[in-house]
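There are 4 protein chains.
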Amino acid sequence: MTDIEEIIQTLLKFRNERDWEQFHNPKDLALAINVEAGELLELFLWKSPDEVKKEKVKEELADVLAFAFLLADKYGFDIKKILLDKIKLNGEKYPVDKAKGTAKKYNEL
Amino acid sequence: MTDIEEIIQTLLKFRNERDWEQFHNPKDLALAINVEAGELLELFLWKSPDEVKKEKVKEELADVLAFAFLLADKYGFDIKKILLDKIKLNGEKYPVDKAKGTAKKYNEL
Amino acid sequence: MTDIEEIIQTLLKFRNERDWEQFHNPKDLALAINVEAGELLELFLWKSPDEVKKEKVKEELADVLAFAFLLADKYGFDIKKILLDKIKLNGEKYPVDKAKGTAKKYNEL
Amino acid sequence: MTDIEEIIQTLLKFRNERDWEQFHNPKDLALAINVEAGELLELFLWKSPDEVKKEKVKEELADVLAFAFLLADKYGFDIKKILLDKIKLNGEKYPVDKAKGTAKKYNEL
Numbered sequence: 001m002t003d004i005e006e007i008i009q010t011l012l013k014f015r016n017e018r019d020w021e022q023f024h025n026p027k028d029l030a031l032a033i034n035v036e037a038g039e040l041l042e043l044f045l046w047k048s049p050d051e052v053k054k055e056k057v058k059e060e061l062a063d064v065l066a067f068a069f070l071l072a073d074k075y076g077f078d079i080k081k082i083l084l085d086k087i088k089l090n091g092e093k094y095p096v097d098k099a100k101g102t103a104k105k106y107n108e109l
Numbered sequence: 001m002t003d004i005e006e007i008i009q010t011l012l013k014f015r016n017e018r019d020w021e022q023f024h025n026p027k028d029l030a031l032a033i034n035v036e037a038g039e040l041l042e043l044f045l046w047k048s049p050d051e052v053k054k055e056k057v058k059e060e061l062a063d064v065l066a067f068a069f070l071l072a073d074k075y076g077f078d079i080k081k082i083l084l085d086k087i088k089l090n091g092e093k094y095p096v097d098k099a100k101g102t103a104k105k106y107n108e109l
Numbered sequence: 001m002t003d004i005e006e007i008i009q010t011l012l013k014f015r016n017e018r019d020w021e022q023f024h025n026p027k028d029l030a031l032a033i034n035v036e037a038g039e040l041l042e043l044f045l046w047k048s049p050d051e052v053k054k055e056k057v058k059e060e061l062a063d064v065l066a067f068a069f070l071l072a073d074k075y076g077f078d079i080k081k082i083l084l085d086k087i088k089l090n091g092e093k094y095p096v097d098k099a100k101g102t103a104k105k106y107n108e109l
Numbered sequence: 001m002t003d004i005e006e007i008i009q010t011l012l013k014f015r016n017e018r019d020w021e022q023f024h025n026p027k028d029l030a031l032a033i034n035v036e037a038g039e040l041l042e043l044f045l046w047k048s049p050d051e052v053k054k055e056k057v058k059e060e061l062a063d064v065l066a067f068a069f070l071l072a073d074k075y076g077f078d079i080k081k082i083l084l085d086k087i088k089l090n091g092e093k094y095p096v097d098k099a100k101g102t103a104k105k106y107n108e109l
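Residue numbers (our numbering), protein chains in the order written: chain E, 1 to 109; chain Y, 1 to 109; chain C, 1 to 109; chain H, 1 to 109.
Read the hints as simulated data drawn from the structure, not as lab findings. It is possible that part of the hints are untrue.
Which copy? The list can't say, so a pair holds if one copy fits it or any two copies do.
The list that follows gives simulated cross-link-like pairs (lysine-lysine, BS3-like), each with its CA atoms no further than 27 Å apart [as the list claims (entries may be wrong)]:
| id | residue 1 | residue 2 |
| --- | --- | --- |
| 1 | LYS53 | LYS104 |
| 2 | LYS100 | LYS54 |
| 3 | LYS105 | LYS56 |
| 4 | LYS93 | LYS54 |
| 5 | LYS86 | LYS105 |
| 6 | LYS58 | LYS98 |
| 7 | LYS81 | LYS56 |
| 8 | LYS93 | LYS104 |
| 9 | LYS53 | LYS81 |
| 10 | LYS80 | LYS58 |
| 11 | LYS86 | LYS104 |
| 12 | LYS98 | LYS53 |
| 13 | LYS47 | LYS104 |
| 14 | LYS88 | LYS47 |
| 15 | LYS93 | LYS58 |
| 16 | LYS81 | LYS58 |
| 17 | LYS13 | LYS81 |
| 18 | LYS47 | LYS86 |
| 19 | LYS58 | LYS104 |
| 20 | LYS88 | LYS56 |
Work the whole structure out from these sequences, hints included.
Right, here's the structure in full:
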């Protein structure tokens, strides 16, 4: 079992023990990712990066990842595959010679 | 190398080829997670879950995960560890006997 | 007619001409606010505030406000009243003598 | 004084009494809008619209609006004007004959 499979199995066990699959439709999982992303963002609000509490980042980032993994599982996506595919796609949108050293969006390059 | 390490190595190679580490401070990575979470959410807007384009979900979810992995790497977090730790912590906040079958928040159980 | 009433009347006219009330349930309006807030945030991503395109901020901020006004209307909230009420409530959570000059959250004051 | 001016004056008085202008740069105000939008969204998570607590929506929506008004003030935008301008622009992106009764995005019409 890979690392990612082990995480997902642990998440599903947690969910199923609580009979929560009934709430976990894809739309609400996408909402949950946004709610958790907002809680993560709040840790940085009004602050410079070095003032942020690392322990809290750990927890909120884990929540974002947990719902992202559950949404991937809901659709049957292979997380490693969708990431490697997207990185390849982004490589076409952001070719090294144009994108190097600039934070511009692909449609402004 | 685990699955997660392979994904992170691919992300870092992509980032470094473009000399983008200068932009990737933790605060902006947290912003990026929110921006991508919003793009994922947009796919579900005004729609029932079955009307949503699965191919697009794949791409936007991969973007959320990519920045989440990069933020974890920035802080030196072990993704598997922070997820398993958080699931354990959530188990204390949501004990099975109280949380089963209800979507209430832990402070309302 | 107040400023706010005029804005809401214009928004409702726009919505009704397109027969969009059917999509505008409160949950999806809350989603829309998040989607637009994410688009606003993207303008600031990887940037210092002075690099941001003011004209674009104008448009994305207007979109956030438009859906916020529509959600208020959906619930029959008086926007001026809920804002003045919330400012009063925040005044109790953040008393001047404790909150002055600090960005701490009320539960850390 | 219009309703909107009265709200902004009250917000600025609240901010200045606490000496918080130092934290309110445009980027962090955009973050704050996203954080508050996430808290609003959380009220709808795992729920149908009629299960949501209206009193809580009132408070979280007021927070979204408060930071949106403060960001508008920071840039010197006239809120009524940017909203009416954006509604006009959206009218061009979503002409009635094409957009009526459909939730499709303008680039799919």
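Do the hints match the structure? See the list:
Taking identical chains as interchangeable, the C-alpha atoms of LYS53 and LYS104 lie at most 27 Å apart only when they sit on different chains, with a minimum of 12 Å there against 30 Å within one chain. Taking the shortest Cα distances, LYS100 and LYS54 sit within 27 Å of each other only across copies (25 Å), while inside one copy they are farther apart (30 Å). When the C-alpha separation of LYS105 and LYS56 is checked against a cutoff of 27 Å, the pair qualifies only between copies, where the shortest distance is 14 Å, while the shortest distance within a copy is 30 Å. For the identical chains of this complex, LYS93 and LYS54 are inter-copy neighbours only, at 21 Å across copies versus 33 Å inside a copy, given an alpha-carbon limit of 27 Å.
For the homomeric pair LYS86 and LYS105, the shortest alpha-carbon distances inside one copy (16 Å) and between copies (23 Å) are both at most 27 Å. Taking the closest pair of Cα atoms, LYS58 and LYS98 come within 27 Å of each other only across two copies (26 Å); inside a single copy the shortest separation is 34 Å, beyond that limit. In this assembly of identical chains, LYS81 and LYS56 lie within 27 Å of each other by CA distance solely across copies; the values are 15 Å between and 29 Å within a copy. For a Cα distance limit of 27 Å, the shortest separation of LYS93 from LYS104 qualifies both inside one copy, at 11 Å, and across copies, at 25 Å.
In this assembly of identical chains, LYS53 and LYS81 lie within 27 Å of each other by CA distance solely across copies; the values are 18 Å between and 32 Å within a copy. Proximity of LYS80 to LYS58 under the C-alpha cut-off of 27 Å is found in both arrangements, the shortest distances being 21 Å within a copy and 11 Å between copies. Both within a single protomer and between protomers do LYS86 and LYS104 lie at most 27 Å apart by alpha-carbon distance, with minima of 18 Å and 25 Å respectively. In the homo-oligomer, the alpha carbons of LYS98 and LYS53 lie at most 27 Å apart only across protomers (21 Å), although the nearest pairing inside one protomer, at 36 Å, exceeds that limit.
Taking the shortest Cα distances, LYS47 and LYS104 sit within 27 Å of each other both inside one copy (24 Å) and across copies (10 Å). When the C-alpha separation of LYS88 and LYS47 is checked against a cutoff of 27 Å, the pair qualifies only between copies, where the shortest distance is 25 Å, while the shortest distance within a copy is 34 Å. Proximity of LYS93 to LYS58 under the C-alpha cut-off of 27 Å is restricted to the inter-copy arrangement: shortest distance 17 Å between copies versus 31 Å within a copy. Taking the closest pair of Cα atoms, LYS81 and LYS58 come within 27 Å of each other both inside a single copy (25 Å) and across two copies (10 Å).
In this homomeric assembly, LYS13 and LYS81 come within 27 Å of each other (Cα to Cα) both inside a single copy, at 23 Å, and across copies, at 17 Å. Taking the shortest Cα distances, LYS47 and LYS86 sit within 27 Å of each other only across copies (24 Å), while inside one copy they are farther apart (31 Å). Taking identical chains as interchangeable, the C-alpha atoms of LYS58 and LYS104 lie at most 27 Å apart only when they sit on different chains, with a minimum of 20 Å there against 29 Å within one chain. In this assembly of identical chains, LYS88 and LYS56 lie within 27 Å of each other by CA distance solely across copies; the values are 15 Å between and 32 Å within a copy.
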